[in-house]
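Student: Now for the letters of each chain:
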Amino acid sequence: MIRVVLPLHLQTLATCGREVELRVEGTVTQRSVLDALEARFPMLRGTVREHETLKRRPRVRFFADGEDVTHDSPDKVLPHAIVSGQQPFMIVGAIAGG
Amino acid sequence: MTAIRILVGTRKGAFILNSDGERKKWSVDGPLFAGWEVYHVNASAVDPNRILASQTSSWFGQIIQRSDDGGKTWTQPGSDSTAGKPGANGMPQGESNKFVYDVSAATGKPLTTHQWYDGTQHPWEFARVWHLEPSLDDPDTWYAGVEDAALFKTTDGGVTWHELAGLRGHDSGANWMPGAGGMCLHTIALDPSNPKRIFCAISAAGAFRSDDGGDTWKPINKGLHSEYIPNPTAEIGHCVHRIAIHPTNPNILYMQKHWDVLRSDNGGDSWQEVSGNLPSDFGFPIAVHAHEPETIYVVPIKSDSLHYPPDGKLRVYRSRSGGNEWEALTKGLPQEHCYVNVLRDAMAVDQAEPCGIYFGTTGGQVYASNDSGDSWNAIVRDLPAVLSVEVQTIP
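Line by line, the protein sequences are chains B and Z. Counting from 1, one number per residue, gives the positions in the first sequence under this note's numbering. Counting from 1, one number per residue, gives the positions in the second sequence under this note's numbering.
Accuracy of the hints is not assured; some may be wrong.
Calculated lysine-lysine pairs in the DSSO-like style (CA-CA distance at most 30 Å, straight line) [as the list claims (entries may be wrong)]:
hint	chain 1	residue 1	chain 2	residue 2
1	Z	Lys302	Z	Lys222
2	B	Lys55	Z	Lys12
3	Z	Lys222	Z	Lys196
4	Z	Lys153	B	Lys55
It should be emphasised that the hints constitute simulated quantities derived from the structure, not laboratory data.
Just chain Z, same shape as in the assembly (with noise of 0.2 Å):
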């Protein structure tokens, strides 16, 4: 019988929550890495007892975690006695949280500053791993996007990392500079039609396409106007929150602007605003039906200043028609006095019939729909601030 785990990181650990396919009793485990911020845990596309997780700290730097049981142990790849290169002392080297930029002549330029909010230049700074991307088709592949935004790739279970160069060395990396929340790369999208295409997106440049497997890239925001920036409509400099792919039709690409929800129907050559009649266009979730590439959900927010629902009620709206025509989803949300935030990388759906959808918010709910959104209920309450959810469907 299928089962449903849902990855949550915090900002205080991870938590795993189990169901079986009737998605109704709920365990809840964890925290796991206790007292970190966990940015994203995510499993494996072909291996469901593989999971990765980033575990961060302002203080002591960047974590990788993988689990090869489900969730039940953990280790840091490479860092104990039978994973690893060993190092000239015999030693393991410890490597899988070591993310260094490739300001290498040969296979990247030597790019060291962006932009800073100010205009002047700074220095490209690692921060954390803020998103992890399991490759569609191989257990030890990953795709780690960081802040200072740039994309990371693991061959090795997450061992060793190496940097995918070309992205900041496209022309205007440069120029790119932060979103309020840091210069992070939150999104990557894997086409499944075509395993040479990655998208990525990055707050705040905007979104960007590979078609050869990360090695060259180009800034996909034509149709993106953006009145917080100096051209509303430059090719790079947009606020992008998230995009989301369905993958029956890799060229649909839905996105949620900083303002703006949008779509495109070619791969992101261009794209249109599909923000219709929801109350606020300002938001960062935003994901597709399992089953129904044109149904599409986001949770709209007040204002970049605000960072709260409108009118104090949480909202999920759907679109059955792919944007501009939306409806509000209530039933089990919280309808008064609510003042959460639900984050850019904290939305997910399942594979089961009818589709589940869930999310976490910064008040520590994670909220559950088993029947494409009709109603909700929170699985749990208290957690700390959400930062990820994601979902396994494991048969």
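Chain B with its partners taken away, still in its complex shape (with noise of 0.2 Å):
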């Protein structure tokens, strides 16, 4: 199972703690978690990546076991830790202000 850690307003949204596991088929990519995620939670659909083009929103970062990944293809195999379950992949909102 693929660990996603949430931040706050999306875990209200979503109505679940802060981790949740996800069934990943195929290749462990950035792409392919969010489209799990997604399609567990409808609810985040638009509010990590755009509804259309699927890009990364602006204000949104990705972390996986202790690297910045957010500037990473969504088509890159994400690091051992992550496909493995032993580290979560983190989407975190960028800190700009409140």
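Using the hints, build the complex out of the two chains.
Tutor: Okay, here's the thing in structure tokens:
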């Protein structure tokens, strides 16, 4: 299972805890993880990435195994620690004021 | 017995205030959607239990919330298992927050840029829903005014939204530019005597009217004079802050512009200034008494640079003559050291007798008058900055 940590506002929206576990089919990438997240929590569609383009929203960042992977290709395979479930994939609201 | 429900949107959530018809004791429920900006909460004109809210974040985008039980429970229409169109994988689509500009040649012009602050062209980018306006006869039909300025419509209770692209497709669209708060479509007014007639207003493009249900639009800014644009009497470019309409005479419109208070007696074909003896004619909201079409209310603000009341005194001004002659309403309002603002969607009236007037401030107070404005009380004093106030009069 892939572990994903959500920011507080998205936890509230999805009525879930800080961390969710997702079954991701095939290669584990940003895209496949977010696809699985949105399939499980449809109310999150449009909140992490745009509806039409599926581009990351400008004030959202991604971290994986201690690395900032925000600007990596959405199709790049995520680190082994994420794929194996040892570490969570982190979705973070960029810290730029309240 | 009549009950009154006030729907309050704030910078950090929504609140619902309830009272019986006496309007003396109020309950305060909230915050709903805590931590999110709630630009507007509004109720259906025909089903008092149906309420829509615009929940928004610069980080996580737009959310539409819907309640079908008067605000007790909420859902994002289309995002649960019982509503919305199933997607390819059988899951609901979650499309209620999908606001995509129509750039097709078939239904609109492929308009992709507007004027930016510096005069250059800038891409049209959806930011948020500023205003939700219910149909006058169908609980599933609503209009949404959005930033960057456009008008959207739903006919399925908010599950899906589509743009009425004829507004942006008006020949002037590429010349619209943002006001200080962004380029927002903030006012939508429906004519109860003519279901094909819709008014809207955009900062800073001006007022527009459709006479064919939203397919085509024309600017209605004749008589507006704005010193801050190169041609003060231009067809578009005016920073209209709010338009109010009275249901018994929808040809009479009232406008609070950036500067100037105006009225139109011909459905917006032309306007005349009625600022009269106001201490400042800058302001944001304007409201019409529920039972007296010529009685109107504004909250003068010192200037566009200062955004607080003149002399530190919070005063609502009332005209019983449709403008020009104004009286200050001060009883119960702070008359010293008051430096709050009252935003454009933050004043509303109820349908009770005598008419109740309500407004919220950027200081978090919600004031109410149950005697047409003669006296005021703060229902609640320490909410987050108030963005919007709507009132339901429930039989």
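Student: With a cut-off of 30 Å on the C-alpha distance, tell me whether lysine 222 of chain Z and lysine 196 of chain Z pass.
Tutor: With a Cα-Cα distance of about 22 Å, the restraint between lysine 222 of chain Z and lysine 196 of chain Z holds, given a limit of 30 Å.
Student: Does the structure keep lysine 302 of chain Z and lysine 222 of chain Z at a Cα separation of 30 Å or less?
Tutor: 26 Å, holds
Student: Sort out whether lysine 55 of chain B lies within 30 Å of lysine 153 of chain Z, counting only the CA atoms.
Tutor: 25 Å, holds
Student: For lysine 55 of chain B and lysine 12 of chain Z, compute the direct alpha-carbon distance and say whether it is at most 30 Å.
Tutor: This hinted pair holds, its Cα atoms lying about 27 Å apart.
The structure shown violates none of the earlier numbered hints.
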